[in-house]
Amino acid sequence: MNTNNTGGLHVHLEQATPIYLDAQFHCATGELIVLVGPSGSGKSTILRCIAGLTIPKQGLVRFNETAWLDTDLGIHLAPQKRSVGMVFQHYALFPHLSALDNITVVLGETSRVHREERARELLELVNLQGLESRRPEELSGGQQQRVALARSLARDPDVLLLDEPFSAVDQITRRKLQLELARLRQQLKMPIVLVTHDLDEACILADRMCVLHHGRSLQAGAPADVTSRPDSDLVARLVGLTNLFDGEVIDHKSEPKITLLCWANHTLECRHRPEIRPGQPVSWIIPPQQVILHRRDRPSRGERENPVHGVIRDFVVLGGDVSITMFVEDNPDLPLSLTLSSHVAYRNHLGMGEHITVSLLAHGIHLMPQR
Amino acid sequence: MDWSALALSLELAAWTTAILMPIGVLIGRTLARRQFVAKSLVEALIALPLVLPPTVLGFYLLVVFSGTSPLGQIYEMLIGRPLVFSFQGLLLASLIFNLPFAVQPVQRAFESLPGDIREAAWCCGMSSWRTFRSIEFPLVWTGVLSAMVLTFAHTLGEFGVVLMVGGNIPGETQTIAISIYDRVQALQDQQAALMSAILLVFSFATISLIYIINNRRRSRREY
Numbered sequence: 001m002n003t004n005n006t007g008g009l010h011v012h013l014e015q016a017t018p019i020y021l022d023a024q025f026h027c028a029t030g031e032l033i034v035l036v037g038p039s040g041s042g043k044s045t046i047l048r049c050i051a052g053l054t055i056p057k058q059g060l061v062r063f064n065e066t067a068w069l070d071t072d073l074g075i076h077l078a079p080q081k082r083s084v085g086m087v088f089q090h091y092a093l094f095p096h097l098s099a100l101d102n103i104t105v106v107l108g109e110t111s112r113v114h115r116e117e118r119a120r121e122l123l124e125l126v127n128l129q130g131l132e133s134r135r136p137e138e139l140s141g142g143q144q145q146r147v148a149l150a151r152s153l154a155r156d157p158d159v160l161l162l163d164e165p166f167s168a169v170d171q172i173t174r175r176k177l178q179l180e181l182a183r184l185r186q187q188l189k190m191p192i193v194l195v196t197h198d199l200d201e202a203c204i205l206a207d208r209m210c211v212l213h214h215g216r217s218l219q220a221g222a223p224a225d226v227t228s229r230p231d232s233d234l235v236a237r238l239v240g241l242t243n244l245f246d247g248e249v250i251d252h253k254s255e256p257k258i259t260l261l262c263w264a265n266h267t268l269e270c271r272h273r274p275e276i277r278p279g280q281p282v283s284w285i286i287p288p289q290q291v292i293l294h295r296r297d298r299p300s301r302g303e304r305e306n307p308v309h310g311v312i313r314d315f316v317v318l319g320g321d322v323s324i325t326m327f328v329e330d331n332p333d334l335p336l337s338l339t340l341s342s343h344v345a346y347r348n349h350l351g352m353g354e355h356i357t358v359s360l361l362a363h364g365i366h367l368m369p370q371r
Numbered sequence: 001m002d003w004s005a006l007a008l009s010l011e012l013a014a015w016t017t018a019i020l021m022p023i024g025v026l027i028g029r030t031l032a033r034r035q036f037v038a039k040s041l042v043e044a045l046i047a048l049p050l051v052l053p054p055t056v057l058g059f060y061l062l063v064v065f066s067g068t069s070p071l072g073q074i075y076e077m078l079i080g081r082p083l084v085f086s087f088q089g090l091l092l093a094s095l096i097f098n099l100p101f102a103v104q105p106v107q108r109a110f111e112s113l114p115g116d117i118r119e120a121a122w123c124c125g126m127s128s129w130r131t132f133r134s135i136e137f138p139l140v141w142t143g144v145l146s147a148m149v150l151t152f153a154h155t156l157g158e159f160g161v162v163l164m165v166g167g168n169i170p171g172e173t174q175t176i177a178i179s180i181y182d183r184v185q186a187l188q189d190q191q192a193a194l195m196s197a198i199l200l201v202f203s204f205a206t207i208s209l210i211y212i213i214n215n216r217r218r219s220r221r222e223y
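Protein sequence lines correspond, in order, to chains E and W.
Count the first sequence with the numbering used here and you get residues 1 to 371, in order.
Count the second sequence with the numbering used here and you get residues 1 to 223, in order.
Isolated chain W, as found in the complex (with noise of 0.2 Å):
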């Protein structure tokens, strides 16, 4: 068993939920309450980590990582060492690839508060901060949870864009599920079993937990 690969990816989910939470809320908000002229063109950016092959994806992120690239250049000359195959690289991937997970239920939790009750909510003289507070996210909490939980989960799963990006350095960028790929490669069908069962499980009551809140928030409306 590779708990330092758990660890890692642990760890690297936990990032990338930390991060993209206030991301996702700010983008899938705007969103759903603006309409502007490259709104279709923004939304189809951010799903694109849905459709495209994640080694696609990957090999675009190595060439903009890379010590060529203005990007990495910059990165390296002010951190002092490469973004490519570094656990910040496998973060900064991570946030992309995760974004239409952090945006989209986030958005549909805004879309579907009607548009007259934060209009409602300033003209009783509440500000935009309160009407946020006390009354778009209560009502759009499962929204986010639900988007936390897609995010965490999937980083955990992500394989491709990680191999691409992270490379295979354990303790900097192998998470589990890579790990298991390496144990299949070395025919070490044991381990390679435990750590799927772990991430079977693991996914399993993630996946569970956005339905049960969903469910339990919907039949809570019918009555």
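So that you can see chain E by itself, here it is in the shape it has in the complex (with noise of 0.2 Å):
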């Protein structure tokens, strides 16, 4: 199995049973990788691996220099030998003991007195001083979650693992949740592996996420490389992206430097992409706020950039925008989605039914080739 010499956590996992999976990544030290991908992905069986609670049929864990999982090697850790913080879905708080000493019973040997006092900072750190005594069913599910995550501090972990830290407490807490995260992650100078279903959460604290579709990593990136240049049409979809279609590369013209792309009966101009060689099939993608409307009352310039007509099918106001579908030349199988200011749509007459044009801006285009 290939492994490259920098340090940080590397991952690479295979196997065909109980759970498939065909995963890897890297997290450096200090940063932040979110695995996201819908339920049954695989991705807590992954954050399980690492943490040493599930051994794959093959595999390599390793962080900086020693390994702690390596099958060619017959090497695997037990969850007690890898310096890992884990912090479960539920918490797994042990339910009789108080919430400090849920912290000062993973302390080892020491002290009770040097025990407690760590357990204090611990506890500080995640912002529940006062609360020490009481036991996990007397706390609430944000308190519960701020013990298993000093709890998970307590061994000072050389990586953090997260298994959808903020999915059982309300959407309030959540958020507060997640802040203090991002706020605290700036003390902790570790990879940080944090899993969840939740693409906005993934967003918000990732500085790179990690797609996981049945056990397999099919993208690794910075949340707004992944989400608006996925690798596939697979990708594009699991990160919800809507203005799927499909496509062929035609030519490339080098002034200016475009790519044509044939789609529906149109020839569209898209960012240049040179690799692909023309006639290879391509799904491609424009974010609704590239679609860009014409002026009913005056044309103006841009409208040579890729117009396409359609009728609107869908119309739905959201807060100060618009949502808007057409169906390109009114065809069912060809939905367009664009988003405007509702005042824009008021001042076009625009309803149900109404005939528009726009532009699909070229630089907004993004060509995935097909496997």
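FYI, nobody ran anything at the bench for these hints, they're computed from the structure.
We put the CB at the ideal spot given by N, CA and C, even for glycine.
Errors might be hidden in some of the hints.
Said to hold, decoys possible - Short, incomplete list of chain E residues facing chain W, as computed with Cβ under 10 Å:
1) Ala51
2) Tyr91
3) His96
4) Ile103
5) Val106
6) Gly108
7) Ala154
Unchecked claim - Computed beta-carbon distance windows for the label pairs:
8) W/Ser203 x E/Ser133: 39 to 49 Å
9) E/Ile75 x W/Leu52: 44 to 54 Å
10) W/Pro82 x E/Ile75: 53 to 63 Å
11) E/Pro18 x W/Glu43: 17 to 27 Å
12) E/Glu116 x W/Leu78: 47 to 57 Å
From the two separate chains plus the hints, produce the assembled complex.
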């Protein structure tokens, strides 16, 4: 299995059963990577493999120079031997112990005084001072999560693992805890791996996110990159992108540098992608913000850029915006979404059934070769 | 009043409880944690003494303990006297017919533990032994105590198997339950009444103790 020699956490897991895995990613020291994917995508299994709670058929988990798992060499360290901190989805607090003792009990064999001092420090770090003597059942969900986080940091772990840490609390608490984690992680100099099915959460918290599907890691990168330039139509779908279509690259032009795309009787000009050979079938996306309405009262510049006609078939007011879906040439197989300010929609007298023309901005079109 | 029979019963119950407690914890914990092919069969085998007529269990134990069986022969070769109709034979039988009482409450207690708290302890760096001592045992000890009390009380009360395997040798295998039977046969009703009353009070007290422990535990969880 290939390895490279930079620091941080390296993970490469492969197995066919019981849960298919083909995942590979790296998390640098001080970096927060979010594994995101629908339920059943193997996120939690990957986290358990890093922690040593599950042993995959084939895999490598390495922190800096130390192999925690290397099936080729027969290395698999027990969870106790891997310096991990783990926050479980339902926190897994020790129900018979107070918040303070949930932490002191894991703090090894030093004196009681030392352990209590350290536990108080940790509870302070997660803003739980004053609740030391409460038992888990007397704490709210958010408070329990904080105890779990403090406890996971008790052994000064080299790697922090968070398994859906915000899924068991209400939305307001979730926002608050997400903010606290974002603040806390500035003090934590370690790789942090967080698992979630919540894409918004991934985009808020991640330095990099890794999209998973059926145990396979599809794409890793900064959230803005992954959501604007997905590698494949599958990634585009998994990160919830609309305006996903099929087409075929026709040609590349050098002056100006554009790529020509054939799509439903249209020839579209796209951002230059010379590496895609002509004739190659592609999937492509365009963000709704890059679909520009042509003013109906007077024509404006830029109308030559990929003009497309259609009929409005969905018109939804969301706050100050209007979300419009038009069927291109009234073809229900070609639904194109765009977002407008509601005053623009009003000024142009838009509504259900109206015929409109839009431009697809060339630099907003992202092509994904089909495999 | 047959004090030697009472003493013998108490001794048998004490030994049975002491030996079965670690075995019960081990088997109960394993059955609660592990999934394996023959698990249902093993559980059924352990529960068998609950439904089998004591005479049937006693009969088979008698066959296995007898001087013609391999076990009986080995025992006789090593110790120099037969296993049947001895206190040791009685103890061995007692260990077997008390297995469900020693295992099941412990198994239920371990099953009620949330599965991830052990893993959480490991991920905090706690060894398996420290996890058991500081996390698991404090959460299951009422189950273990229930198992011990039930085993003790049930040993005092067992009649059929003891009669079959132990015979009825005063001072060696005659327990209080059998002594009561003897007194009734001999029309010594007063003595039988006294010993029955002692067993009744003792059994009621121990069973009450179990319910008190379990109810207190439950009410502590509800707030």
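Hints, one by one, checked against the model:
1. Ala51: Result: holds, 5 Å to nearest chain W Cβ.
2. Tyr91: Check passed: Cβ of E/Tyr91 comes within 8 Å of chain W, closer than 10 Å.
3. His96: 5 Å, holds
4. Ile103: Holds: closest Cβ of chain W sits about 9 Å from E/Ile103, inside 10 Å.
5. Val106: 4 Å, holds
6. Gly108: 7 Å, holds
7. Ala154: OK, holds: E/Ala154 within 10 Å of chain W, min 6 Å.
8. W/Ser203 x E/Ser133: 39 to 49 Å: 41 Å, holds
9. E/Ile75 x W/Leu52: 44 to 54 Å: Between E/Ile75 and W/Leu52, where Cβ atoms are some 50 Å apart, the hint holds.
10. W/Pro82 x E/Ile75: 53 to 63 Å: Given a distance of about 55 Å, which is inside 53 to 63 Å, the answer is holds.
11. E/Pro18 x W/Glu43: 17 to 27 Å: Given about 24 Å between the Cβ atoms, the range holds.
12. E/Glu116 x W/Leu78: 47 to 57 Å: 55 Å, holds
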